[in-house]
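Kindly produce the complete structure, drawing on both the sequences and the hints.
Next come the chains, spelled out residue by residue.
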Amino acid sequence: MNTPDPARWRGPSPRWLLLVPALALLAAILLLPLGQSLFRSVGQGDWTLDHYARLFTDGVTLRVLARTAVTAAVVTVIAFALGYPYAYVMTRVGPRMRGVLLVIVLIPFWTSVMARNFAWIVILQREGPVHSFFRLFGLDVVLYGSVAGVTVAMSQVLLPFMVLPLFSALSGIDRRLLLAARGLGSHPLVAFWKIYWPLSRGGVVAGLILVFTLSLGFYVTPALLGSPKESLVAQLLGQRTTQLLDFAGAGALGMLVLVVTLVLVAWANRFGGTISAIGVVAAAPVKDRT
Amino acid sequence: MSATKFPTASPTASPAASATAPGPVAVPRRAGTQIRLTGVTKDYGLASPAVAGVSLTIEPGEFMTLLGPSGSGKTTTLNLIAGFETLTAGSIAFNGADVSRLPPHKRNLGMLFQNYALFPHLTVAQNVAYPLRERRLPKPEIARRVSEVLELVQLTGRDGTYPAQLSGGQQQRVALARAIVFDPSALLLDEPLGALDRNLRSTLQLEIRRIHREVGSTFVFVTHDQEEAMNLSDRIALFNDGRIEQVGTPEALYQTPETLFTARFLGDSTVFELPYGDGAGAAWEDEVWAVDPATVSARVVAGSRAALVVRPEDVRIAADRSAVPSGANAVSATIRDVEYMGAYRTAVLALGRGGVAGRARLDALESDLGAGQSVTAWWRVDRQRLVAA
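Read top to bottom, the protein sequences are chains A and B. Under numbering that gives the first Met the number 0, think of the first position of the first sequence as 0, with each following residue one higher. Under numbering that gives the first Met the number 0, think of the first position of the second sequence as 0, with each following residue one higher.
No lab work stands behind these hints, which were simulated from the structure alone. Careful, some of the hints might be misleading.
Interface residues of chain A toward chain B, partial, derived using beta-carbon atoms under 8 Å [stated by the list, open to error]:
id : residue
1  : R39
2  : L183
3  : I194
Note that the Cβ used here is the ideal one computed from N, Cα and C, for glycine as well.
And the structure:
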């Protein structure tokens, strides 16, 4: 890349130069391999869509995709059901308690991926606490090695991605609006539904999209906790690249997932500032509201 | 007066309203609601209660201002009337009916907040229509009332605008429209002009006066700004430390304060703290001043601390004692400074041996006075007031 001499720089503003290292890195580790995958998936110059056609005809891929989508949806719903009340409480407690709650939700971030997943194996395996618990009721439930177990673990791992955008959105809502609504004749629940909920929607959409898209591509947890018989799309991708060395097929599958994700994000973005809401995530932990 | 400005939906016009919405929407329109506070107390468990036994009757259609410094309990009192806070003791009644345990959404009160509290995701028209929708009025009725009230606050044509696109003054007009559109029993205003600049404030003060006249409902206005309180109110309840210090018309509070707190909070005063015995004159330093019993507050307890207060416009400056008219009260003074106030000038005085601070408004003839001069300050006996200290 041709870096201009700052002393003779006549462009709009030299501060844009600060972006160059990051953009160069992104180009090298993201765009380049992505382009390569795309190139391989369409026949490496022989131009064919066979690899894409195979995705829809091999009888496996579509089933795995559907299973992945359902799993991701369930994980997203669980994370939302747990995350919204949690984030709400975070906006209602004092600064000290808020810090504690934040730490609790961030623990998955600070724990190594492997440690976290092996912990789940211990919890979910045969003779583990969950199995023993269900046996008290005469049920023989082993979540380890099932999609259900994967779902439970993924919900925990992805919870911060739900809680942080929600907390950021909810803490920006002026609670006096709720007083105003009640004064104007709304039952507190109606005030929540007509005022609070619509104002929290940006954060809700951001959280849903983040968790859903991350779930779609989740690899380690399904690989460790799931079973090959019920694999998700990331496992299929891994299998095709590392075991079958089918780079063209894997590239086509990767592109399909990417397109689905992008379409989803673009669609969701119409429901109110998703991209900006995701952007606030980074700022949320340091934001101190009194 | 326009009692027909917001005609109440008659049962024939809106059967839904009469079935679901209690209060003035369904009953014939009243001129205003009487609000009676009896021994109202709010204790958060702190050193002293936020509101300590406040009793006050706000008459139908009255413009009552709750005035006081921050932390004096005026806003808490307003929130108790609104139902946003629960009473620790005492009771609140609207037109004789106890509402102490009624939740806010059933009290049918309009409320204006300092930060406007407009719903940012709703347009101007939707904001104003909100209380009408909550009362399930028929759509044509809602549309008619919204356009009427937007005309009243001079915001016609802004229906589809979102609050963020409006100036502060316009936002407060929308909030005002929303607060009165449903014919509330009373309008509660919580420092609604606090966030606006000086010019806009006085414009909106006039606006609020006009709307009070046109709507004719009871207004309860909270402010810490004594000038605003004087401009707007029929009566002022002055709060101090969770209690009402004095209630009365702006004139009464200014002319006949009962306590030193009142005298100091409303307008400037020159204050001489002194002991006061029954019927005798008031002795302060070397002076013994004549006292007219008519100017002694009933709250002055003989033998205890009292204060003699004089307003700056009643203090006169003389070159020496011989120039003081006989019968007037006088004290020696040094002019500290002369402040130019535009329409007039004020002499800042140090009075007596102790150099008590005082002020005198000067007229044009006294233009030769300057800082450092020793003079005599005097005032007419009937222009002073003896209050409880």
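Q. Going back to the hint list, which numbers does this structure go against?
A. Checked against the structure, the only hint that fails is number 1, while the rest are satisfied.
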